[in-house]
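A.B. asks: So you can see what is in the structure, the chains are spelled out below.
Protein chains: 2
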Amino acid sequence: MFEWLKKRRASATVPVVRPRSEGIPRGTRVDLADMSPDPVAYLGQVAYFELAVFESLTRAINSAPDLAAKEGLTAAAGEVLAKHQGVVAELRALDVDPAVAMQPFAPAIDQFEKLTHGRDWYEMLLGVYLTAGFLDDFFIRLLAGLPSDMGKRLEVLLEPDRSAEVIVAELRAGIQADEKLSSRLALWGRRLVGDTQLVARSALHVSGNRATDEERIEPVFTDLIAAHTRRMDGLGLTA
Amino acid sequence: MFEWLKKRRASATVPVVRPRSEGIPRGTRVDLADMSPDPVAYLGQVAYFELAVFESLTRAINSAPDLAAKEGLTAAAGEVLAKHQGVVAELRALDVDPAVAMQPFAPAIDQFEKLTHGRDWYEMLLGVYLTAGFLDDFFIRLLAGLPSDMGKRLEVLLEPDRSAEVIVAELRAGIQADEKLSSRLALWGRRLVGDTQLVARSALHVSGNRATDEERIEPVFTDLIAAHTRRMDGLGLTA
Chain A
1 MFEWLKKRRA SATVPVVRPR SEGIPRGTRV DLADMSPDPV AYLGQVAYFE LAVFESLTRA
61 INSAPDLAAK EGLTAAAGEV LAKHQGVVAE LRALDVDPAV AMQPFAPAID QFEKLTHGRD
121 WYEMLLGVYL TAGFLDDFFI RLLAGLPSDM GKRLEVLLEP DRSAEVIVAE LRAGIQADEK
181 LSSRLALWGR RLVGDTQLVA RSALHVSGNR ATDEERIEPV FTDLIAAHTR RMDGLGLTA
Chain B
1 MFEWLKKRRA SATVPVVRPR SEGIPRGTRV DLADMSPDPV AYLGQVAYFE LAVFESLTRA
61 INSAPDLAAK EGLTAAAGEV LAKHQGVVAE LRALDVDPAV AMQPFAPAID QFEKLTHGRD
121 WYEMLLGVYL TAGFLDDFFI RLLAGLPSDM GKRLEVLLEP DRSAEVIVAE LRAGIQADEK
181 LSSRLALWGR RLVGDTQLVA RSALHVSGNR ATDEERIEPV FTDLIAAHTR RMDGLGLTA
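Listed in order, the protein sequences are those of chains A and B.
Take 1 as the starting number for the first sequence in UniProt numbering and just add one per residue.
Take 1 as the starting number for the second sequence in UniProt numbering and just add one per residue.
Identical copies go unnamed one by one, so any copy, or any two together, can satisfy a pair.
Keeping only pairs whose Cα atoms sit at most 20 Å apart, straight-line, the calculated SDA-like set for lysine to any residue is: (1) K180 - A169; (2) K114 - D195; (3) K70 - A108; (4) K70 - K114; (5) K114 - V193; (6) K70 - R92.
In short, the hints are calculated from the structure, not lab data.
Since we're looking at a predicted model, the values are computed, not measured.
Isolated chain A (complex conformation) (with noise of 0.2 Å):
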């Protein structure tokens, strides 16, 4: 078993970070359920996210340095796909054209991805498993928002590092033969959560009201920082 999995087991006696799987009641965790969009809305803008985080996994795929590697991230490329594909699902149950509900969010997320992309395989891999499971972990905070029975499809659907064993065995496989590479990852690590951390803003909607909102968003950034910080822990990188 990989060691990030341990440590993922180990802190779920803090219950706001045990994995869903070990299947807390909703409503437990810090949720923003009163600042959630739309349905609509929302279902856009994660599905062109997992879109885009696919096609990033695509590029990783196209330049794996090897075939044990790129099989590998095939699996972790159709892990995503299925995310998307199930969100354009719930989209189209409400007969919404998928690429119209898609398209005022990809201008953003492009820019984000591009920023995010990296110098070489070993930053494009952590991009994606940074990006992916800070944001899969947001956009579940804002299913309580939802109508119940699509939050409760979405929230199987989007359960963060599902597909990351790969990546993270790509990863710690490439930080333990050099050492240069790890320290040059932890920068590049603690320099993608601030990035992401505006997408997930973005998605956010908020009161208008500067301080109220900050006192309801600060206890999830807090959340959705600490499990950014175990990833990186978990990859032996400083955050």
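Chain A is already provided as a structure; the job is to place chain B on it using the hints.
C.D. replies: Chain B alone, transformed into the frame defined by chain A:
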């Protein structure tokens, strides 16, 4: 319904080209059972080929002209990825490392992908549609030489053209809008068939008696080229 689908249905009076979905019993179609490679070589080549098709499709997704086309192609990519993963699962069931089984076929298929890559988005799509259609169909002809259970599972998995509707729709729209594109794609389609046949031939376990081999191979290739011609016709292209 698309015209090409109608054509496929209409052609069902000629037994040998009847779509497999209409359930003709195995063996009534001309196959190459006695020329099948051993199962691991077969699975390795098919797995790598489907991976290459998937990668070509992801390049087409990356460079899609609009979000609706991009979204449509992700469904096709998902189907091809499922083919790859299904074949990989067969290798794992035999306790064979998929990367090791695929490796011997990587250079020739990579070279093939380069030759059939195309100069723009439409040539890329036509290349995927025609070469994957031809080779999926070809690989199915070899199934009769594999263990029977495995052959049955793979026959369902490799059903050709299953994911091609969206590709065909994009190609037809492009061709109808631009007469020059039509003649360029017709030329491209005719060029592709030669290289595609070479890949198919390389998969055959031949006896070494040239005359006997050709006698066995020729009727199968006549079938496969007839199916290729129907795909071209369905797009309004002269084969």
